[in-house]
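**Q** Letter by letter, the chains look like this.
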Amino acid sequence: MRLAVEVNGAPRTVECSPWSRLLDVLRDELRLTGTKEGCGEGECGACTVLLDGEAVNSCLVAIGQCDGRSVVTVEGLARGELHAVQRALVACGGAQCGICTPGIAVCAAHIVDSGLVDAADGGRAARDRVRELLAGNLCRCTGYQLIVDAVIAAAREVAAR
Amino acid sequence: MTEPGYLRPRELDEALAARAAHPDWMVLAGGTDLMVNANHRPVPAGILDLWRLPATCFVRVADDAIAIGAGTTWHDVLRHPAIRDRLAPLAAAAREIGALQIQARATLGGNVATSSPVGDSLPVLLALDAELEVASVRGHRRVPYHAWCTGYRTTQLAGDELIVCAHVPVPGPATRTAWRKVGTRRAQSISKVMGAAAIALDGDVVVSARVALGAIADRPIRVAAVEAAVRGQRLGDAAEAARAAVRAAIQPIDDVRSTAAYRRDVAENLVARFFSVA
Numbered sequence: 001m002r003l004a005v006e007v008n009g010a011p012r013t014v015e016c017s018p019w020s021r022l023l024d025v026l027r028d029e030l031r032l033t034g035t036k037e038g039c040g041e042g043e044c045g046a047c048t049v050l051l052d053g054e055a056v057n058s059c060l061v062a063i064g065q066c067d068g069r070s071v072v073t074v075e076g077l078a079r080g081e082l083h084a085v086q087r088a089l090v091a092c093g094g095a096q097c098g099i100c101t102p103g104i105a106v107c108a109a110h111i112v113d114s115g116l117v118d119a120a121d122g123g124r125a126a127r128d129r130v131r132e133l134l135a136g137n138l139c140r141c142t143g144y145q146l147i148v149d150a151v152i153a154a155a156r157e158v159a160a161r
Numbered sequence: 001m002t003e004p005g006y007l008r009p010r011e012l013d014e015a016l017a018a019r020a021a022h023p024d025w026m027v028l029a030g031g032t033d034l035m036v037n038a039n040h041r042p043v044p045a046g047i048l049d050l051w052r053l054p055a056t057c058f059v060r061v062a063d064d065a066i067a068i069g070a071g072t073t074w075h076d077v078l079r080h081p082a083i084r085d086r087l088a089p090l091a092a093a094a095r096e097i098g099a100l101q102i103q104a105r106a107t108l109g110g111n112v113a114t115s116s117p118v119g120d121s122l123p124v125l126l127a128l129d130a131e132l133e134v135a136s137v138r139g140h141r142r143v144p145y146h147a148w149c150t151g152y153r154t155t156q157l158a159g160d161e162l163i164v165c166a167h168v169p170v171p172g173p174a175t176r177t178a179w180r181k182v183g184t185r186r187a188q189s190i191s192k193v194m195g196a197a198a199i200a201l202d203g204d205v206v207v208s209a210r211v212a213l214g215a216i217a218d219r220p221i222r223v224a225a226v227e228a229a230v231r232g233q234r235l236g237d238a239a240e241a242a243r244a245a246v247r248a249a250i251q252p253i254d255d256v257r258s259t260a261a262y263r264r265d266v267a268e269n270l271v272a273r274f275f276s277v278a
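Residue numbers (the numbering used here), protein chains in the order written: chain E, 1 to 161; chain H, 1 to 278.
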């Protein structure tokens, strides 16, 4: 089938089976290879993108369901400059091997931009909240501490604007 | 290979007609179960896409019951003030289903249709004595949730039917409700044991109770022996009666995620805690 999808703000059309995964269409058809495949089972969060503004696992979305909808991938987070979350991940050292990083950046950007973390509270409660919200993004390298630091730092920066 | 068909109805009548016309098509909402390892699964003959079908995306609040559309996501459940207030165990379960990305897509109707023995919301629907409303071109009917599951991942849903909503009675003010899951990790991991209860109290005496367990049998189950054992008992005493009744009543499954012995111990502790003093 022929589909119209808005990807990172630009209208795109693709011709493919409605059963194709959004993940594969992004990587193979649209050459947006920033989105990674980890498990293919919705467990690891590496393939997280925004679909109509919600963070979702793109390995679990049939492309037929995306006709007429909008998708934001890690390539679409930076607008002129890097997103606050991307800068904070760099500054805090919140990335190592990098496979989980695009998914974490997208999910964390959603968390920060939607105000899901109370940035005024940089303490234990806010850190626990970040851990709960990022629980669907597995990282085998960092031990998460520096990722949580980065999300808190980005939330503070966005709240201060 | 021929491409699967695809339909995205926007009205319930249209969806029911499509279901009747294409009984072999996959009914897809959030896809969090049906799309797992999609590239290694048989390609469906067609996809009937019910994601955000308006007739199934609602929460209707009345004094005695809350109707929750089948297309309501766990994210929607979690942030709905009336559900959080009055159906607390359902909101608690929603918070521990998958994680943010899963909660944004997974629906109540999907949980009920897939009918996995480890579906996290299902013991809650049993404990709250929910009723499902299903529809087909032949009309609407209601099914008490306790009669819904007919076996391992099988339900009463007929081949031409779709799930419209769950009608969930609101527990009275003197009813204690609870939900608890035990697994390797709160998020994402599949539960080893989960339980839910609705306990009607007169002071500290149990008037009646509904107790449900998940991940224990081939389907989510009510534990009638516990419900009988606790009736008329004071909290605390009821906890010990419930513990003994669980031990005698259940034959937990033994699988990769846990052993029968561990599940039995945990189920006992979990149910006993539901009936403990404060």
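Hint data in this document are derived by calculation from the structure and do not stem from the laboratory.
Virtual Cβ for every residue (Gly too), placed ideally from N, Cα, C.
Fair warning: there could be bad hints in the mix.
Just a few of them, taken from the derived set where beta-carbon distance is under 8 Å, the chain H residues facing chain E [as the list claims (entries may be wrong)]:
(1) 39
(2) 49
(3) 101
(4) 154
(5) 184
**Q** If a hint holds in the structure, say so; if it does not, say that too.
**A** Okay, the hints, checked on the actual structure:
| no. | hint | in the structure |
| --- | --- | --- |
| 1 | 39 | holds, 7 Å |
| 2 | 49 | holds, 6 Å |
| 3 | 101 | holds, 5 Å |
| 4 | 154 | violated, 23 Å |
| 5 | 184 | violated, 12 Å |
Checked against the numbered hints listed earlier, the structure breaks hints 4 and 5; every other hint is satisfied.
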